[in-house]
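Put chains B and C on the given structure of chain A with help from the hints.
Each chain, letter by letter, is given below.
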Amino acid sequence: MSNRVAFLQGNEACAHGAIYAGCRFFAGYPITPSTEVAEVMAKELPRVGGAFMQMEDEIAAMAAVIGASLTGTKVLTATSGPGFSLKQENIGYACITEVPCVIVNVMRGGPSTGMPTGPSQSDVMQARWGTHGDHPAICLVPASVQELFTETVRAFNLAEKYRTPVTVMPDEIVGHMRERIVFPEPGELEVIDRTGPTVGPDEYKPYDTRFGDVPPLASFGSGYRFHVTGLNKAEDGFPTTRAEIVQAEEERQLRKIENAVDDIVTFEEYLLDDAEVAVVAFGSIARSARYAVNQARKAGIRAGLFRIITYWPFPERQIRALSERVRAVITPEMNLGMTVHEVRRCVEGRAPVSGIFRVDGEPIGPGAIFAAIREVR
Amino acid sequence: MGFDYDKYIRPGKLPHIWCPGCGHGIVMKGLIRAIDALELDKNKTAIVSGIGCASRLPGYMDFCTLHTTHGRAVAFATGIKMARPEMNVICVGGDGDGVAIGGNHFIHACRRNIDMTYLIMNNNIYGMTGGQFSPTTPYGAKASTTPYGNPDPPFDIAKLAIGAGATFVARGTAFHAAQIDKLLAEAMRHKGFSVVEILDSCPTTYGRRNRFKSVVEMMNQLKDMAVPVTAADKMPAEQLRGKVLTGILYKESKPEYVEEYRKLVERVRAEG
Amino acid sequence: MEKKLPKIEINEKYCKGCHICVEFCPTRVLEMRGFTAAVKNLEACIACMQCELRCPDFAVTVTG
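If you're matching them up, the sequences are chains A, B and C in order.
The opening position of the first sequence corresponds to residue 1 in this note's numbering, with each subsequent residue numbered one higher.
The opening position of the second sequence corresponds to residue 1 in this note's numbering, with each subsequent residue numbered one higher.
The opening position of the third sequence corresponds to residue 1 in this note's numbering, with each subsequent residue numbered one higher.
No wet-lab data here; the hints were simulated from the structure.
For glycine and all other residues, C-beta sits at the position ideal for the given N, C-alpha and C.
Any given hint could turn out to be false.
Stretches of chain B that chain C covers, calculated by requiring three or more beta carbons in the stretch to come under 8 angstroms of a beta carbon on chain C [to be verified]:
id	region
1	8-19
2	22-30
3	211-219
If we strip away everything but chain A, and leave its shape as in the complex, we get (with noise of 0.2 angstroms):
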């Protein structure tokens, strides 16, 4: 039997990624450009026995989400960059208190209401640091539609492991714009569900680090009884201000993603073996990178992309490793200059880094990023 193939938009694939990873409750708000992630959730989960709900506000998706969540419900929301920053308090909520969800923002224009109909690439910071306090952060930032259906798949799957939110985020050109599509048949992608309590009710302790640096997550209604809390906690889940607790359970919290990089970081390397000029993009954008890398090797350039594909945790020590033989790195960003600076920060001077910045609701074309890598080389 051959898979299913179709022609899809990509959100509406982000929605059948949720579905194939066995998401059951949706909690969304109608925005430009994400709401046909909400519409496709809306016919497709009470299909599957789930549940969508549309909510008064961002604020009420995310926390509705959370709490669903919490039942042992897979969980997702979607959104776009003013309802994002939104959701940061409970995106913080869900750190600290370690429930599984993911996020989907497909980014458009901003600050503030901006370009709701213009592609973006401007929201990466958010994602690492837009609630506050320290946390970790997981984003994927896939470039297909066929990719936006399986690192949604990947996205349930590393929240689920890692007790995290973590959010897809397809600027707006990935999440509107149609592409063949080859389903994945069930089995065909890894599903990862959550790892539940091996010790009774009596025993159990949600941040029991005695079970590693992501201890299991019981579901509420399950048998067992235990509380939860936005306040900084002990591993039995109640309040604590001893100083000692506070700054240990923190460090696990970033600790549980950083020691797991290699696990999380995925990128795409072409024609990187020989390169002396590296394009690092991400999005729809490095789809005109490479593009314009093939059109530089076909005038002679040694040019290569490497295409971020786990935006957080950043891929620092690939870049790094790039950055040692190449000559020159060029960043072709959709906002005035994010990326630029993780780059610079994982070069640390041993080539040039420049960038291409656009926030005029244009994509960066093949072109531009031709004529920079002809410039610098």
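For chains B and C alone, coordinates are given in the frame of chain A:
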């Protein structure tokens, strides 16, 4: 003869953090008696709160408990109820949490008529942050942010709930302690979104600023203010001036959200 | 026949000295002793449970 509250309280968690004379403890005891009367399964009951003094209540209770962000308890609780409809869901919190920062979630939960009970402990003040005026602080009252008297008119939480579509609305006071469990038990028995407002006392940040000599005086004011709704019909309007009605203020039967959604799911699945 | 009296226990670790039980006892059984409530006149107790019911601090228990 006495009631065994320990059965429902997490070992080692008392004494609670509330100030001397704060009525929240009285309300919590009423909630425990109501849960006991209904024989709710601890493992199938979630108690969800927001932020503030009253929102510290779930931490003491031996149930599935969730202390969320400021104002958002009802939204978190909605997710729990939708994902696990067999759970009993009780939300608790204060006036600022419930009808200021959480006002939007409150009215929409009323509108949806989702099956849960929302207990609002209304002490007319933001206690935890030191006594700023809330949406239920009386006009003219003193708070740390109304040093010249409160210029804002207050909300009537019960009327707000009824107007927004809640299908069960009751009001009691911390003085009328024996009535609290009765109101809450009726609310929890009700299918749909039920709101129970308990008028409460904050001697520390409200009483002292507003010339109450002691919590006893605050309790006596609650006693004098309250008029049972069943008695109000026979009273002339002038006698009701400055009074608040207590008891079950509103009750109606309307389709409940979770049940309606389940029906939708069954219909969609039957159609294929 | 001797009247069987209830037992009023005051948990001094929980009592915060708010006076509520003392003031709302209809037969003046309780008093403040230092910072906590104490039983002054158990003979007068009619076991109405008001002190237990009203205590915000889970400090008063009436049994027997």
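task = Mind taking a look at whether chain C covers the region 8-19 of chain B? Criterion is 3 or more residues with CB to CB distance under 8 angstroms.
result = That given contact holds, which follows from 6 residues of the region 8-19 of chain B lying within Cβ reach (below 8 angstroms) of chain C.
request  = Given that the region 22-30 of chain B was listed as covered by chain C, double-check it with a C-beta distance under 8 angstroms for 3 or more residues.
outcome  = holds (count 6)
key: Verdict on chain C covering the region 211-219 of chain B, where coverage means 3 or more residues with a C-beta closer than 8 angstroms   = holds (count 4)
Of the numbered hints listed earlier, not one is contradicted by the structure.
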